[in-house]
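For reference, the chains in residue letters:
Protein chains: 2
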Amino acid sequence: MKKLLALTSGLALSAGMASANAELMEMMNDPNQWVIQTGDYKNQRYSQLDSINKENVGDLQVAWTMSTGVLRGHEGSPLVIGDTMYLHTPFPNIVYALDLNEDGRIKWKYEPKQDPDVIPVMCCDTVNRGVAYADGKIFLHQADTTVVALDAESGEVVWSAVNGDPSKGETNTATVLPVNDKVIVGISGGEFGVRGHVTAYDMSSGEQVWRAYSMGPDEDILVDPENTTHLGEPVGENSGTNTWEGDQWMIGGGTTWGWYSYDAEENLVYYGTGNPSTWNPAQRPGDNRWSMTIMARDADTGMAKWFYQMTPHDEWDYDGINEMILTEQEVDGEMRKLLTHFDRNGLAYTMDRVSGELLVAEKYDPVVNWTTGVDMDPESDQYGRPQVVAQYSTEQNGEDVNSTGICPAALGTKDQQPAAYDPNLELFLVPTNHVCMDYEPFRVSYTAGQPYVGATLAMYPAPDSHGGMGNFIAWDNIAGEIKWSIPEQFSVWSGALATAGGVTFYGTLEGYLKAVDTETGDELYKFKTPSGIIGNVMTYTHNDEQYVGILSGVGGWAGIGLAAGLTNPNDGLGAVGGYAALSDYTALGGQLTVFKLPN
Amino acid sequence: MKKLLALTSGLALSAGMASANAELMEMMNDPNQWVIQTGDYKNQRYSQLDSINKENVGDLQVAWTMSTGVLRGHEGSPLVIGDTMYLHTPFPNIVYALDLNEDGRIKWKYEPKQDPDVIPVMCCDTVNRGVAYADGKIFLHQADTTVVALDAESGEVVWSAVNGDPSKGETNTATVLPVNDKVIVGISGGEFGVRGHVTAYDMSSGEQVWRAYSMGPDEDILVDPENTTHLGEPVGENSGTNTWEGDQWMIGGGTTWGWYSYDAEENLVYYGTGNPSTWNPAQRPGDNRWSMTIMARDADTGMAKWFYQMTPHDEWDYDGINEMILTEQEVDGEMRKLLTHFDRNGLAYTMDRVSGELLVAEKYDPVVNWTTGVDMDPESDQYGRPQVVAQYSTEQNGEDVNSTGICPAALGTKDQQPAAYDPNLELFLVPTNHVCMDYEPFRVSYTAGQPYVGATLAMYPAPDSHGGMGNFIAWDNIAGEIKWSIPEQFSVWSGALATAGGVTFYGTLEGYLKAVDTETGDELYKFKTPSGIIGNVMTYTHNDEQYVGILSGVGGWAGIGLAAGLTNPNDGLGAVGGYAALSDYTALGGQLTVFKLPN
Ligand SMILES: O=C(O)c1cc(C(=O)O)c2c(n1)C(=O)C(=O)c1cc(C(=O)O)[nH]c1-2
Ligand SMILES: O=C(O)c1cc(C(=O)O)c2c(n1)C(=O)C(=O)c1cc(C(=O)O)[nH]c1-2
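Which chain is which? The protein sequence lines are A and B, in order. If you're matching positions, the first sequence starts at 0 in numbering that gives the first Met the number 0 and goes up one per residue. If you're matching positions, the second sequence starts at 0 in numbering that gives the first Met the number 0 and goes up one per residue.
Be aware that a few hints might be false.
Which copy is meant is left open, so a pair is good if it fits within one copy or across any two.
[To be verified] Dumping the calculated BS3-like pairs for lysine-lysine here, alpha-carbon to alpha-carbon at most 30 Å:
(1) 482 / 167
(2) 525 / 482
(3) 167 / 595
(4) 53 / 167
(5) 167 / 112
For the record, the hints were derived by calculation from the structure and aren't laboratory data.
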């Protein structure tokens, strides 16, 4: 393989940036390493490596494998820093440092002691979306919300900080975002009435620097009522409380368990907030700001620059946490800094990431039926709001009424599984769900640390379609159009990887790693790994050879039936029934499979 | 690949044999299937398949993989019957039927409900050495000693029988032997004072037909005092009680947890019995017959034809249960029906399997030091007895004295990991341990269901050798000589497979599947599987292509530290310390990896 020159990013490094960040960005630009879960700060999940390409990917072989020693859902991916691979597991969140020069020999292993009481307060399996690297440290955010900085060489604990309280339903599944001299972390617990927040810790000391809640008083949510905007307008005072009835915002959800992006030039961090609590919309009148919102915040202060709430007053659990993919593309003849986001609600949004202007909002699965689409007329009082179809409004149908045939299901047209972007083709490669639901809200009362869900769900494949529960699609974010679509029997719960070789990789819940032609979607290779895949494909180089790595281990929300041994169709927040057939294809696991071309 | 003609065995089928057996033997002779854990009734673990051979084995690739959904030690192997693969797991002893025509889709899954209280009474990990097939049924012998017959097509339970009582320490890890119209099963619990026995159940009904204890009155041990022989002499009356003091034989051990062989012409079943209980020899004066004994019994009645006690009055826990490999070979110009056995005690025995005559008894690891060898002079009063070196006699050194530097360690020069036989080269391919020990016996009292061990052990690599804890060797059973030896860092705890392609396969505790030239021992291929290997390599054909399958999942006695999370060096009956470095190489797992040549 020819060595690739380090990619020089189009963006100049901003002056005030800490040197740790400069090093990290240089490493991100080196396609031989995989230094951050999201591939790079832009969440593009694109690799410049092209040794494995359309012509030869069909010859791919398994190079080596490793069991993580843990069962249940394995999300995220390993990192590769130099000759070391860092591998994490779901609860109990073991971290391995593997020596790639010695066939993956274990250099060190870190196994936190965590109270297993955290397991029942994790909504959607005991997943963890992986560790991060910066400044010689590996950052692990444990299920119990302990953030740990480990010396990357020795595995020794450098510092640890406690971000939340599992006894109140506060847990973690997300990776962290190292930015400048801080580590930015989220929190889970939207099904337990947790009020979501994002917190920055000092990278060297673990001291808390800022915290921004998703709802609450202005000083909690870090807005400037005059300068923080929503669709171009200042949010005004008390925006995080005045769309709530009474104190409901205190148990308002809007958790922050997704992927984080960063624009170094703007020094802005992008992420989305989750569903408002409870799932019974009648209990929380109002728009429930800022749940279901894309947020742009200053990395150093947490101050919000702009918000965009995609699903005001959610009635379907369409958490807005999916990744924000940052691109530079021409729109109407002008180069713009864009943010593209495939939301749970079935709409794909293209926005100007500097201003927060909404450019495109289109369904990325034609079966989406709860909305007729977003009002795009800036003059309309409905501007930027999805127009709700009454038949599928669980609020309008009322409590204790089963609203049937809603598409997508609560787990959305896409959930946490991250999409990839091919900058050459300007195409987004998107793992999707093709699932609909029945949803019956009911009244629920809040007790700290107890489920605060308030709806009974059933999920099933989108009716009158190909019969499967997923598609892997290519999306044009400017035209707002599907380019091609591959039907899949189950939701594609794995993160995609696009490569300069013209090949895009993804995994399936049955356990296949698949490689397709990025341009056409034609299948070029598939391999049955030990267990269902909900991890994200990554790639790296070792000794001048390109490798592709993927974690297997069925689970996550889609695989919760298998992962937690549930069989009642309505269990697992409604997911068990729809995915029951998964047990005909795969069993619990926890393995890394690494591929390469034959010698 | 050219289809191979069904091997016509040199033996005529005996007249009285049930038709189920005729079908089973025909299937065993079809190298395209793998119908019994041991490869065939002879325990040769040899395959006539030669598509994968010395020339091309270096190109082997992983074809597909499957997680079993269970962690800890995975012993045994899958079976292949036609287009179906049957896969088992350690406790809870799940059985999967996989459709090979549909990429291993799960046809059915059987998961017994077993009381987890059985786990702490399993001495050496929660292993199971696999299912057996006969007469349209899959036979599973669960950890809790329930024997279950499952319909091979549907997975429905046809019958089940209870063979023992875990509350008294009776458990099971062994596979069963289907013979004629019976299923023959053993029992574990030598570390709990269980009195071992072998039991035959009716294959269609599950009714018990006969049971033969290892010690006790003649009617319990099924001997004919006049006609059952030991080294050519009748055993005489009360042979199972008169070498014990008092009633000690009632808690005498001699469990039967190993592999079983069968000679259809003689209608004899061969197996070995385990250590006498307790491990403190001072508590059980006498030869402790018939612990540590090779037994030949009539398959239909259980009546013993001959016995050979290898280690009278054991002082080191050298269970005699290792497999008996049946061959027909020329000895001094005469074709003989032989039985070759690599005992834990470090001696490899070649016997006439019809008469029970001892032909060869030689050390198969030069470090063996507890004995100077077996007295082979039929005129001697020591005939057939190993001569004990006083320095290493834990009995002579006495209770509460630490006898140091004993070779081999309690887990023997070989433990349960079965050897293979290449009939062309007349070579045995033997996975071995290269481990020594310190052994300090102490007085212990018996309580049903409680450990009845009475010794503290420490294990370590054989001193003044290559530093590793294992060797993979080729053995000439007529000359009693090692032909070649491959040093390994850890004990080779995996069962070997020899093939007509001139290639022998085995797995390592670090997780490598290795292929070597059977003639020379030269390494031809290796691949790092997800977890340490203690399973046995098997091979089969599907759609005219040869496949090689192996279970990974570190554990067993050698891997008990990892498997059960033990760290005190003396824990795990002394094995934890010696194998501690394993955690630098591998983690818990449970996966099948299937290999084939590239297309
Ligand atoms: O509201 C929350 O706090 C929260 C947390 C999580 C999580 O932490 O994994 C999920 C969800 N919600 C959720 O709605 C969801 O669909 C989901 C899927 C998954 C997954 O990993 O498969 N987690 C979560
Ligand atoms: O005495 C017994 O009943 C008994 C049972 C077992 C077993 O069932 O696995 C083992 C042993 N002993 C034993 O001595 C031994 O070395 C051993 C190794 C293993 C293994 O599977 O790795 N089992 C056993």
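Each hint, compared with the structure:
In this assembly of identical chains, the alpha carbons of residue 482 and residue 167 never lie at most 30 Å apart, being 44 Å within a copy and 67 Å across copies at closest. Taking CA atoms no more than 30 Å apart as the test, residue 525 paired with residue 482 passes inside one copy only; the shortest distance there is 22 Å, against 43 Å between copies. With identical chains, the CA atoms of residue 167 and residue 595 are never at most 30 Å apart, being 45 Å at best within one copy and 52 Å at best between copies. In this assembly of identical chains, the alpha carbons of residue 53 and residue 167 never lie at most 30 Å apart, being 50 Å within a copy and 62 Å across copies at closest.
Taking the closest pair of Cα atoms, residue 167 and residue 112 come within 30 Å of each other only inside a single copy of the chain (19 Å); across copies the shortest separation is 34 Å, beyond that limit.
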